[in-house]
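Generate the whole structure from the sequences, applying the supplied hints.
Residue numbers (the working numbering): 1 to 778.
Please keep in mind that the hints were generated in silico from the structure rather than gathered at the bench. Predicted model only: the values in this text are computed from it and were never measured.
For lysine to any residue, the following SDA-like pairs were computed, each having C-alpha atoms within a straight-line distance of at most 20 Å:
{"#": "1", "residue 1": "569", "residue 2": "623"}
{"#": "2", "residue 1": "295", "residue 2": "358"}
{"#": "3", "residue 1": "64", "residue 2": "33"}
{"#": "4", "residue 1": "633", "residue 2": "471"}
{"#": "5", "residue 1": "58", "residue 2": "542"}
{"#": "6", "residue 1": "68", "residue 2": "83"}
{"#": "7", "residue 1": "480", "residue 2": "453"}
{"#": "8", "residue 1": "434", "residue 2": "326"}
{"#": "9", "residue 1": "144", "residue 2": "47"}
{"#": "10", "residue 1": "64", "residue 2": "112"}
{"#": "11", "residue 1": "42", "residue 2": "136"}
{"#": "12", "residue 1": "226", "residue 2": "190"}
{"#": "13", "residue 1": "42", "residue 2": "71"}
{"#": "14", "residue 1": "58", "residue 2": "71"}
{"#": "15", "residue 1": "480", "residue 2": "544"}
{"#": "16", "residue 1": "200", "residue 2": "306"}
{"#": "17", "residue 1": "144", "residue 2": "46"}
{"#": "18", "residue 1": "295", "residue 2": "281"}
{"#": "19", "residue 1": "226", "residue 2": "151"}
{"#": "20", "residue 1": "292", "residue 2": "278"}
{"#": "21", "residue 1": "200", "residue 2": "171"}
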Amino acid sequence: MGKLRDRNRVVVGKWLLLISVLFFVSCSQTRFVPEEKYLLNKVELEIDDPNINKEEAKSFLRQKENYKILGFIKFYLLMYNLSSKKKTDDWLKRIGEPPVLYDEVLTERSNDQLEQYMNNKGYYQARIANDVSFNEKTQKADLKFSIEPGERYRIKDIRYHFSTPELRDIFLKDSVNQRFKPGIPFDIYQLEKQQERIVKLYRDNGYYYFSKNQVRYVADTLQYTKQALLDLYVGETKDAQKDSAKILRPYFVNNFYYSILPGNSPVGSYQFGGTVFTDTVRWDNSQLFLTKHFKYPPGLFIRSTQMTSGELYNSSEVEQTFNAFNRLRQFRYVDIQFNETYAAQDSNLLDCRIRLAPLNKQSVSLDLEGTNTSGNFGVAGNIYYQHRNVFKGAEVLQLRLKGATERMKRTVNNNTEYFNTRELGAEANITIPKLLGPGKYIRSFERNLPKTIVNVGYNYQRRPEYTRTISNVKLGYDWKTSQNYSHIWNFLDMNLVHLYEFDEDFINSIKDLYIKSSFIDHFIFAMNYSLIFNNQRLNLKDNYTYARFNVESSGNTLWLLSTLTGQSKHTRVLEGDTLVYYQFLNTQYAQYLKADIEVRRSVTLDQYNRIVGRAFLGVGFPYGNSKVLPFEKQYFTGGANGIRAWQVRSLGPGTYRADPENYPNQSSDIKLEGNVEYRFKLLGKLEGALFVDAGNIWAINSNDNREGAVFKFNKFYRQIAVGTGTGLRLDMNYFILRVDMGLKLRDPSADRGQRWIIGNRGLTGDDLNFTFAIGYPF
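As structure tokens, then:
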């Protein structure tokens, strides 16, 4: 007990030292603050109305303090203050942030902005006040804004005015989405959003020239107390009569012109938009301009174009067409433009011109990386080859060759042995931008940008205790039903795992039923489906949500065939448990049902700070021809993308504690995991992170002979592992290099009363875990 107190005193002393350093740093924040000026130390905003978004209101402040990381450290100001006073181009000044000074003019402007914001939200009697306190000794100023909203104005009634009967009919058909209800707050921001929706409604119904200028509100707030009468005018035009006629006229799509922009191709016989082409292809109302370097069939453009000649112009279909061409992964540039077919004759026909700039057709890349699996170091290399138009139909072929070796250790009969593993693999993946197989008969898929995906792979693994080969074939479809929703359906997912050249002493030393079952040949004949929601956009740092639901079943078709054909069963005794099963291709096949869901949420606090959370729940249930899930389908945690305070596959199941001398290999049927990570910018491309991870894995039934492994509703919440830690990320433009240090806080495998580590015992080297990886953990 005395040793524990000593250790805790050391930990407390280190924290006090860190706090003292941070206090000293904070005292030097005014190094570059001129005399008679004040560093803006803190800005607060108080609002006593829960209907007002405080963070949104803060965005209108023109006086803001220096950016913080960890919620209290003005790191970039610190960097600036460490720079030289003599040099104006000091590199610390470039990466840092100069002190933000209190400015009375900006404070008054903040008042005005807040007042305008409150007026726009319907609070016309809001009172804005500010109070500033100066500390002459520290040369700092604290600024506080307060808002008393008063009573909010509401819409009493809405009257609609349309320039033409046609505009009125379109609006009324979609009135559920376009109308405001009396009694709602009079909010200018909501009126502007409604204005945008109304414009989109008409542009989706042929009104190509329709814009926000044709939707106008007039509000009367004087006739009733704290209520507004709203008039909505749709279709008003103030331009010349000819332009007015265009704005109020629906347009139809006429001809399509596609041009594959050549690079340095030779001069040919056709020109389009100032670019020279060597060939042209015509069909229906369409023309395709090509060069000899890039050949594509007309069917590719027919499938990708979500518009139809002779139909009304529709802005949503234009956006869908743009997304469809981007989804092909063929073009670095997609441009869609329209012009009137007979402009001089004042027609209502539009020609669509689509310009496409292809990516390089072929590419080869090589990567070499060091590996670290639970402290075992090795080296791995991959060779990638990609062809973006292998069969002249925008098919994307990807080939991968992999080789790896790793130095590891194992324990057999209490003796530790070191050995090298070897792995060789080859994988081929081809993506075809149309439906093949049974999916081609489902016509409704054609509007959903479908792809057929074929994947074939082979992997060879050599270890002293066994040699394993894994062969896999996957056939499936990938399609989108909207910008945010995508689907993956693999109607055939086969894996054949073959093990041979066993080390009998090692196999006999394994008493774990689940691990021992992984050394048995097995065949997986599965079907799986994934639904994915993702509103994240490339190059945008806005808040986003990612969710993925997966469901998979295996062995049901083979079991039905085995039963109907009267196939004889086979038996095997494994660690005292008798297995009775059918075979396919002289191999036991797996039968199970598996489903999991993952949700991620990213929230941007400011340009330097972001919080990302993740939750995962997965369950796999073996039955019929299997008593345990196939090893490669089981869940595990720990490592770089799990609970980072534990080595990969070293945590769980439940309260089970594996022999620390053995190679980590824990996996099971149920997984529950949650992560929260706070990311903050440091220097240049270097980013820091603080995180908390929690979760565990469990077995689903009593077939698991590991003590404490089985999931029980009245116990599982007491078996949650908790870890925390910090990490660094280096942005290399094309990928992220990441290192994390995890610290165990709660170990479910410890004795009761000892599971929370801090306060019960001192920290050891086993409580820390370092992981290296490429990319963010989630």
